[in-house]
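**Student:** Residues per chain, in single letters:
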Amino acid sequence: MILNRLRISNLRNHGHTEIECPEGTLLLLGENGAGKTTVLEAISLLCTSRSFVTHQDRSLLRREADRYQIEGWFTSTTSSRRSVSLVYDTDPGRKQIEMDNALLPAAADLIGAFPLVALSPQHRPITAGGPGERRSFMDFIISQLHHVYLMDLIAYRRALRQRNALLADSDRRPADVRSTLEVWDASLAESAVRILRRRHRFVEEFVPYLLEAMRSVIVQREEVALRYISSMEIDPFAETATDLYRERLALRMDTDIRRGTTTSGPHRDELEILLNGLDVRAQASQGQHKTVLISLKLAEYRYLHTHLDEPPILLLDDVFSELDDERLANVLQLVDGLGQTFITSANHATLRFFPQGKAQNMTLRLENGVVRELAEVA
Amino acid sequence: MLSTSPSLDALISEFARLPGIGRKTAQRLAMYVLKRPREEAEQMAAALLHVKDNVRTCSICCNITEDDPCSICSSTRRDHRVICVVEESNDVFAIERTNEFRGLYHVLGGRLSPLEGIGPDDLHVRELLDRSREGVDEIILAMNPNVEGEATTLYLSRLLKPMGLRITRIARGIPMGSDLEFTDAATITRAFEGRIAL
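So the protein sequences, as listed, match chains A and B.
Everything in the first sequence is counted per the numbering used here, starting at 1 for the first residue and increasing by one.
Everything in the second sequence is counted per the numbering used here, starting at 1001 for the first residue and increasing by one.
Chain A extracted, bound-state conformation (with noise of 0.2 Å):
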């Protein structure tokens, strides 16, 4: 997928935007604050419906605004033309998306028709956050392959929801939970099976292309592994999985009601990530964590291009504070052969890794939120 133009109102510091992309990398310039993760956060919202760095629209609002839009025009790789329009306003409060001139119902609607893979330092957690981050990582990388796995995701948070309201309400309703609580079972075990399946089957898929990406962004060899710890013991490719899934709920049933809360199912299980026989999260050193947030990044750059056959677009965010110049070097070797590319940097000295006069890169400079041409290449 490649992002032909670009426009952007009240977005953060940037009054009015207009940029027309470049089919290979785009490089954006400027001081800590000019502007130039929001570009790639507004790229982000066109593909995603969200950002990679807030969850909150309000916060996205330029100054004074009341409301923000975002218009992006792709053309895929069979050569159609594709639009996006993302609309926020105060009131009523809620992004309206328009995907190709039609209004979409969901916001989840949007997920998987423009693939795209964002690493910025917003994503660190991913290695050496908490299990929720690197079950978001997944997740999201399916839910861009399969939508009825979103669909699933989405059905069995409501689910959840209710179920935990249930506990948590427990001792005033005694009796709705005795009656109701195997309903609420039956409607997680179905969805968490299908989750569960799609997970397993995903991680035995995405392990070859995590070895791939980590031999070429580190020289020396270091063994990674993925482990999917599931904190209900069930297989869940078994024929009566949402059978088993629903005794072991039920087992599960008096310490969930002392806690007030669902213990156990895919909203508590671990995506654990080992390198060299460690866990990653505990063990590693910084050096490790970003070669493995970067394996992680470009695996699921080409996992994605692999299943999808539509390129993603990438966006890097700030991606030269985080590397040594070797493995930089490396990484962006990689990256000139995918697709559409977008980078930031706060220095110029990166310039030397973007050979000038290449037809389909281009490099701007941002001043407050404001696009200017680069003046001189230094």
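Hints listed in this document are in silico derivations from the structure and should not be mistaken for laboratory results.
We put the beta carbon where it would ideally sit given N, CA and C, even for glycine.
Please note that a few of the clues may not be correct.
What the hints assert, rightly or not - Pair ranges (Cβ atoms, derived): (1) B:Glu-1014 with A:Arg-201: 34 to 42 Å; (2) B:Ile-1064 with A:Asn-101: 38 to 46 Å; (3) B:Asp-1179 with A:Ala-107: 18 to 26 Å.
Please arrange chain B on chain A, whose structure you already have, making use of the hints.
**Tutor:** Same frame as chain A, but now just chain B:
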């Protein structure tokens, strides 16, 4: 912002109570009422009171009605052996518009939703069980196709099945008049699950 008339302000705040009506719309509605002839305002006021005085729920199906039992429950031309269970009265209107269903209804008055504090006792479930004990052959469950509707369907089917009745649910799938290519994946998946032999 307050106007120069306390009466107008009072009307605006009454309109603003209505669901989906914000302050601005309430002001527009109030100004409209102010500009129209007095008779129209009287009609509106009378209609509001009339609805409160005369509309109640049917003691059999729990649908809204002015006569008890309602016209559907007391009709001799309908099939009293089939009951269609719906969440709200609006759903009855929707099904009645088709002129296809000739059985009776049962309005639950909502669906199971612990998040909103709604359990079985807050719905007209007991009334449904009482009705189902005699003279009924089939119960059709027609809840909305979402997480709460599905849970309610499952809950009722578990209660009703031991009574030896035929329990059915309405089909889920592609809406008529729409295009397959524009239908979301979840709906298509459900439609495949519910495919029928020809």
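**Student:** With reference to the structure, classify each hint as holding or not holding.
**Tutor:** Status of each hint after checking the structure:
1. B:Glu-1014 with A:Arg-201: 34 to 42 Å: 57 Å Cβ-Cβ, so the 34 to 42 Å window is violated.
2. B:Ile-1064 with A:Asn-101: 38 to 46 Å: holds, 41 Å
3. B:Asp-1179 with A:Ala-107: 18 to 26 Å: Taking Cβ atoms as reference, Asp-1179 of chain B and Ala-107 of chain A lie about 22 Å apart, which means the hint holds.
Checked against the numbered hints above, the structure breaks only hint 1 and satisfies the rest.
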